[in-house]
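**Student:** Residue numbers (this note's numbering), protein chains in the order written: chain H, -6 to 174; chain R, 11 to 244.
Since the hints were made in silico from the structure, they are not lab data.
All C-beta atoms, glycine included, are put in the ideal place defined by N, C-alpha and C.
Incorrect hints may appear among the rest.
[As the list claims (entries may be wrong)] Chain H regions said to be covered by chain R (calculated; three or more residues, Cβ under 8 Å): (1) 74 to 88; (2) 103 to 114; (3) 121 to 134; (4) 139 to 151.
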Amino acid sequence: MSAPEKTRVATASLAGCFGCHMSLLDIDEHLFELVEKVEFDRSPLTDIKHCGACEIGLIEGGVCNAENIHVLREFRQHCKILVAVGACAINGGLPAQRNYFKLDDCLRQVYQYRIGMTDAGIPDDPELPLLLERVHPIHEIVRVDYFLPGCPPSGEAIWSFLSDLLAGRTPRLPYSLMHFD
Amino acid sequence: MNREFMLDGLPVAFTEGQTILQAARAAGRYIPSLCWHPDFPPHGSCKLCIVKANGRHVSACALPAREGMEVESDTPEINGERRALLQMLFVEGNHFCPSCEKSGNCQLQAQAYELEMTSARFDYLFPVRPVDASHPDILLDFNRCIFCELCVRASRDVDGKHIFALTERGIHKHLVVNAESGRLSDTDFAADDLAAHICPVGVILHKRVGFQRPIGQRDYDHEPISQVAMEESS
């Protein structure tokens, strides 16, 4: 008898801090259960560069530049279920705090006028992805199936959510795991 | 004589002049609200207390209870509408919970938790609303205002100072300070005014006490607002 086929899962961090990915690792011994059930596709954990066909895509972080949009669209195209994980993916989060300033002013403040700055100048290497005027939550760019709030969502919340999803249930966080902070 | 109406199929006793919400709370039954406060007349602006009374949408905080009324409140349909109202409040302002001192004690956040609002669904407006840190004891963060006017009412009707007001209409509506400069330090606002203690969200904050209560000990960390509110009122 062959082993049951594993669920393919892809993950990415866009304009985020990798805190949500760290929280995923915080599920501790459940990691053993998780790798029994899932196979990771594109993810910072595998270093696979492009997303193949997957059941589940987990997106951490908001959308702050052109590359984020490409990655997000690739995920939407290849993942049956797309999940916004954490505050930044859901509402822009910390990176979106720059939305109250002009992008030009932000860049000048950091790369030109910062105290102690030597060799000042805004980076313009063509390899750098172009920044958007504003940071957006991912649901403003693509359709999102589920939202898992928290900054970051706790390991427990992530495990509860993934357990539901992998068992074919509609994920629903109990009150104690529902947090926006 | 004891008069009754039906709330979600169970009888609630009321006395003449009580609103649906007042009678429900007095009977230990919770109806969600944000702009309603037991010490003030109904305001009817947040619409979170929306219920169906005899099949019609009404604000439970404003409509007097009547004998034999059939009221629906805790139903998937009404809660869905309440969730949509919350989602609109969240995108209209800047509610970035992780950096807010009120997080865990915020009624807007607590309503969103209880109504399982996992996303704001609509596009965020990201309005630009600079804070006012001019006052020695109080910080005003206008980003989080939900226009409940509790500070306006408390300052006008109880403190007798008329310090706050809402100005402009529709999407441009915002909270202002009644001073020529527009700054709170140019008013006689004091940290022991009722208006300094009535904000349901994180607009009017006392300085030097932020994040004093750790996560796990805040108002809504363990119990939903429906339970906390009923415990407070009993």
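**Student:** Holds or violated: the segment 121 to 134 of chain H covered by chain R, criterion of 3 or more residues with Cβ-Cβ distance under 8 Å?
**Tutor:** Since 5 is at least three, the answer is holds.
**Student:** Go check the segment 74 to 88 of chain H versus chain R for me, would you? Three or more residues, Cβ under 8 Å, otherwise it fails.
**Tutor:** Held - the segment 74 to 88 of chain H has 7 residues with a Cβ nearer than 8 Å to chain R, which meets the minimum of three.
**Student:** Three or more residues of the segment 139 to 151 of chain H near chain R by CB distance under 8 Å?
**Tutor:** holds (count 5)
**Student:** At least three residues with a C-beta closer than 8 Å to a C-beta of chain R: is that true for the segment 103 to 114 of chain H?
**Tutor:** violated (count 0)
Checked against the numbered hints above, the structure breaks only hint 2 and satisfies the rest.
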